[in-house]
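Every letter in the sequence shown is one number past the one before it in my numbering, and letter 517, counting from 1, is 517.
Hints should not be assumed to be uniformly reliable.
As the list claims (entries may be wrong) - Calculated cross-link-like contacts (lysine to aspartate or glutamate; reagent style EDC-like; alpha-carbon spacing at most 16 Å):
| id | residue 1 | residue 2 |
| --- | --- | --- |
| 1 | LYS385 | ASP238 |
| 2 | LYS385 | GLU149 |
| 3 | LYS102 | GLU149 |
| 4 | LYS102 | ASP36 |
| 5 | LYS485 | ASP277 |
Since the hints were derived computationally from the structure, they do not count as laboratory data.
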Amino acid sequence: MKRKHTIYFTVLSFLLVGCTDLTELNRNPAATTSMDPNLLLPSVQYYESCTKQNMVRFMIYPGGWNNHFTGYSGMVNYGARGVFNSGYANRLWQQYYPNPVKNVMSLLMNSEEGTNIHAAGRVMRVETFMRLTDVYGDIPFSESGTAFETGIISPKYDRQADIYDTFFNELETAVNEFSESGDALTNDLYFSGDISKWKKYANSLRLRAAMRLVKVDPERAAAEAQSAINAGVMTSNDDIVYIRHENNRDDASAGNAFANFIHLYQNQFYVTEELRDALKGGQADEDPRFRIVAAAYLEEKYLDATSPTDITDEVYSYYSGIGQAGYKALPAQCARTLSDGCIHPDYALSDISITVGSSPVTVSQHWQWLRPSTLIAAADAPYIKMSYAEVLLLQAEAKVRYGIGETSAEELYREAIDAGCRQFSLFGADIDEAETSRYAASQTLEAGQELELINTQLWLQYMFNPIEAWSNTRRTDGLPERYAKYYNYYPTVNTTGGTMPRRLPYPATEQTRNSVNYQEAVDRMGGTDVWTSRVWWDCE
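With these hints in hand, go ahead and build the complete structure from the sequences.
So this is what it looks like as structure tokens:
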């Protein structure tokens with residue numbers, strides 16, 4: 001009888017509880033109900049360069065189409081050969097939507113309009129989504145990253161033209177929203193809370209977006225470029241937007257350092273003939289950046305060299321001059337093609353014998369090829385998102401195309417080369433300022449070659465930013481023609497018809513998870529989701 005009473009009261013208790021609001025019972029009293037947006041800002045800023053898989057994937061697609069570097073297996077076998085791999089093509093989409101997109105939208109929703117952190121969120125939203133839309137075209141934008149607030153789990157695909165309209169509005173609004181006397185940005189990895197630099201970055205990003213439109217809408221491109229320049233773009237290398245990670249080789253760490261070529265893969269990359277020629281020849285003499293960017297190490301142990309004393313003077317004496325950070329730059333012919341990572345027959349080398357002390361040493365052919373230097377492959381090397389040199393070059397191009405600005409295109413061009421050389425001080429390079437100034441002053445914009453020369457320098461600026469390099473080549477219809485070439489050496493496996501891919505297809509999962517919106521976007525492209533179709537601003 002006692003057992004029956006126990007069951008009766010237990011059931012009654014559950015029935016009574018079922019008639020009450022369980023919200024309070026299920027709420028975690030220790031959980032936060034809002035997120036400080038200043039804590040979200042750095043997670044958006046560092047994400048682009050924070051994992052080795054992010055960097056390596058982008059060196060394949062689209063790095064394999066830019067002709068800066070070669071040698072890495074994925075870059076050679078998939079990128080350079082034009083072989084489609086869904087994993088490489090999906091990487092940006094699958095990593096960005098659940099990470100920086102979600103975080104930047106949370107930042108905006110957890111900050112008040114009219115505050116500096118909200119303005120910074122606007123800028124970061126443009127930075128984040130520009131990377132996505134330039135790669136894929138029409139994408140989920142206005143409704144994406146808001147499911148936790150709106151409940152929309154199948155966001156529509158916005159037209160790229162509309163997305164760019166929003167970019168211009170967001171950046172202009174952000175500049176007006178920033179206030180020197182406003183709230184402090186307490187976790188800012190870009191500028192340590194310097195509002196004046198945030199304004200310059202917003203305007204410079206607007207200039208980059210404006211110049212995307214040179215083919216599809218030149219009048220809008222000119223107008224937006226003029227407005228951005230008038231509002232105030234970057235004015236020195238002090239305004240460069242970059243991230244410097246910790247000297248940490250753990251891929252699981254939030255502060256890890258995997259920008260540029262990363263130490264784990266340094267030995268698998270080689271300098272291409274195109275990059276060598278652009279830096280080695282120039283218009284008059286060797287570009288000062290050549291011995292900073294490219295290196296030959298003689299043996300594998302020298303990959304960890306940190307000073308000239310790590311290699312004996314006898315080894316140095318074989319070559320023409322001392323390079324940076326424990327390596328010696330070899331003769332100009334020591335480069336490889338992007339076609340398959342193999343040695344070009346015109347530049348085949350033999351083993352060489354040199355004397356170290358009193359002993360003969362053989363340096364094999366393999367170790368004579370130019371690789372990324374220890375400076376740019378260092379674990380804590382900076383990752384530059386936007387440089388002052390880029391801004392100067394975009395202004396020079398705007399001057400040539402539209403006559404915008406008071407400064408001549410040639411003066412802007414020379415200043416950009418000077419700034420582009422000096423920015424390597426961020427990597428720890430020993431900059432000879434007199435030599436850099438002399439070299440920059442010797443460069444000229446030859447009549448009829450202005451756009452080719454300006455975009456050659458932009459191509460050099462983007463050597464560590466494959467997506468931006470690819471975007472710039474597409475928006476200029478292949479500039480610089482001398483270097484940004486797509487070689488179809490393997491037509492039997494190439495799946496682009498022998499041409500450079502113009503976009504990346506959407507992930508196959510979108511066909512099931514967001515099928516209606518996916519199909520609408522594909523229909524706008526003529527019904528086929530392929531990598532030879534073009535994004536809006538890359539019109540024929």
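Practice problem: Compare the structure with the hints numbered earlier in the document and write down the numbers of the violated ones, lowest to highest. | Solution: Per hint list: single violation, 2.
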